[in-house]
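S.K.: This is what each chain is made of:
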Amino acid sequence: HTHKIMRLKHLEASLSSLTREFNSPKVELEQYPTSAHLAACVVSLAVDNEDLGVGRSCLDLGCGTGMLMIAASMVDTDFVLGVDCDPDALDVAQENIEQVELEDTIQLLQAQVRMKPRLLQEDQKANKKNRGGRGRGRGRGPGRGRGSNPASSTKHTLIMDNKDGIPLKNHCVDTVVTNPPFGTKDNAGIDLQFLRTATRLAKRAVYSFHKRSTRSFLLKTIQEDWGFPDAKVVAEMSFDIPNMYKFHNQKSKDVEVDLIRVLVGNEESSIEGECNPDNTDEEEITGGYI
Amino acid sequence: FSCFLILAIFSRNQKTTLLSTTNTNMRLLTHNFLQSNVKGTTKGYPLKIEATNIIMEESPMDAGLVTRMLEKVNYPALVGALEEIRNSQLLSSVPEIPHEQPSARDLDSTDDGNNILEALHQVLFDIHVIEGHLICPDTGRKFPIKDGIPNMILHEDEI
Chain A
691 HTHKIMRLKH LEASLSSLTR EFNSPKVELE QYPTSAHLAA CVVSLAVDNE
741 DLGVGRSCLD LGCGTGMLMI AASMVDTDFV LGVDCDPDAL DVAQENIEQV
791 ELEDTIQLLQ AQVRMKPRLL QEDQKANKKN RGGRGRGRGR GPGRGRGSNP
841 ASSTKHTLIM DNKDGIPLKN HCVDTVVTNP PFGTKDNAGI DLQFLRTATR
891 LAKRAVYSFH KRSTRSFLLK TIQEDWGFPD AKVVAEMSFD IPNMYKFHNQ
941 KSKDVEVDLI RVLVGNEESS IEGECNPDNT DEEEITGGYI
Chain B
19 FSCFLILAIF SRNQKTTLLS TTNTNMRLLT HNFLQSNVKG TTKGYPLKIE
69 ATNIIMEESP MDAGLVTRML EKVNYPALVG ALEEIRNSQL LSSVPEIPHE
119 QPSARDLDST DDGNNILEAL HQVLFDIHVI EGHLICPDTG RKFPIKDGIP
169 NMILHEDEI
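Protein chains in written order, with this note's numbering: chain A, 691 to 980; chain B, 19 to 177.
Derived from the structure by calculation, the hints contain no laboratory data. Wrong hints could be hidden among the right ones.
As the list claims (entries may be wrong) - No farther apart than 20 Å at their CA atoms in a straight line, the calculated lysine-lysine pairs in the PhoX-like style are these:
1. K90(B) - K893(A)
2. K859(A) - K66(B)
3. K61(B) - K859(A)
4. K853(A) - K160(B)
5. K853(A) - K61(B)
6. K160(B) - K859(A)
Could you build the full structure based on these sequences and the hints that come with them?
M.R.: Shown next as structure tokens:
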């Protein structure tokens with residue numbers, strides 16, 4: 691137990707030295723850095739579950755400035771791939787990788803997780819036979835059609851297969867770690883898409899963060915709709931995220947967040963880790979704009 | 019005065035522009051996992067490599083790592099990618115690897131085994147593709163590689 695805590699603290703200390711900031715964070719991509727503490731917690735937990743480390747491969751989906759993937763590499767994961775759509779974030783990630791001299795174990799890829807634009811409700815009724823069809827939902831884009839509420843005019847549906855924008859084969863890595871956007875910028879459901887994409891890319895396990903308010907919906911979707919019975923919340927935390935809600939007057943908001951682990955492959959029991967509020971002094975794990 | 023002039027010229031020549039050697043360059047190991055999923059692809063794998071800047075950078079070999087990675091790669095695709103690197107003629111020498119996936123016995127700790135392992139290590143990790151394109155084998159769509167990072171973001175009509 692002490693051994694695990696030492697590893698956690700060492701890992702966090704190493705990660706703290708990274709220049710982790712986005713140079714100018716893009717609000718529409720919901721960019722905020724994953725804190726060193728958070729990354730160390732997730733990765734330590736994953737090592738306990740044998741999901742990361744020697745003999746494992748890892749993908750960081752939406753890697754941003756690279757905190758999670760660098761943490762994964764620091765615990766000697768064989769092969770680590772970071773995927774992000776923003777070239778500016780990838781520039782910072784490259785700097786961070788070079789700073790810790792992990793250029794030979796971490797690779798980067800620029801790609802974007804996509805969802806399928808859904809037809810507006812009226813159109814859905816007219817084209818009833820096309821609902822659920824993969825190739826039919828071309829979408830009408832924002833502002834067109836009868837809806838006057840911009841928030842509801844760009845609904846999306848999940849892409850369940852490998853046409854989700856990520857150019858990688860199914861089950862190409864053991865473990866996917868992701869801190870996804872939460873879908874507050876006209877991209878509702880994007881965190882679910884990240885999770886879905888993660889489950890097809892992983893052979894073994896997925897670690898992903900989601901708003902606590904979506905917990906029961908998420909777990910039900912993962913367990914019943916997607917067929918992964920072993921999916922559970924393995925840690926609870928608070929994110930301090932500035933300006934996420936237009937209708938809030940506050941400058942920043944504490945968002946209650948769950949860390950969910952989905953077992954995708956075969957395995958023994960998973961272990962709850964060090965990051966639960968009961969075990970640590972810090973109840974709040976923060977990440978925010980600099 | 020002449021000393022000063024010489025010094026000035028000398029220091030100006032000393033100012034060199036470092037070439038971009040951002041080392042997170044695409045290796046053939048990564049290329050092996052990439053698959054095009056542009057709308058209209060049937061398989062999208064493997065992507066063709068059309069490189070304009072490749073370097074070889076030696077790195078220390080971890081035999082266990084190479085053996086483990088070998089189990090994860092699509093070996094024919096690796097051989098094909100190496101061939102494309104060779105044909106680009108951008109490297110003065112390119113390692114040779116067996117045409118068929120070597121078995122555990124082929125990679126035993128004899129000299130021959132070690133040589134094969136070393137060659138595989140170089141092919142998987144030491145060939146850096148810095149600039150060029152990856153090309154979808156079905157649609158011909160070109161994805162640029164810039165500063166060692168492939169950009170495979172799809173346009174709206176390609177999803």
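S.K.: Evaluate each hint against the coordinates.
M.R.: To see whether the hints hold, each was checked on the structure:
no.: 1; hint: K90(B) - K893(A); verdict: holds, 12 Å
no.: 2; hint: K859(A) - K66(B); verdict: holds, 16 Å
no.: 3; hint: K61(B) - K859(A); verdict: holds, 10 Å
no.: 4; hint: K853(A) - K160(B); verdict: holds, 17 Å
no.: 5; hint: K853(A) - K61(B); verdict: holds, 12 Å
no.: 6; hint: K160(B) - K859(A); verdict: holds, 18 Å
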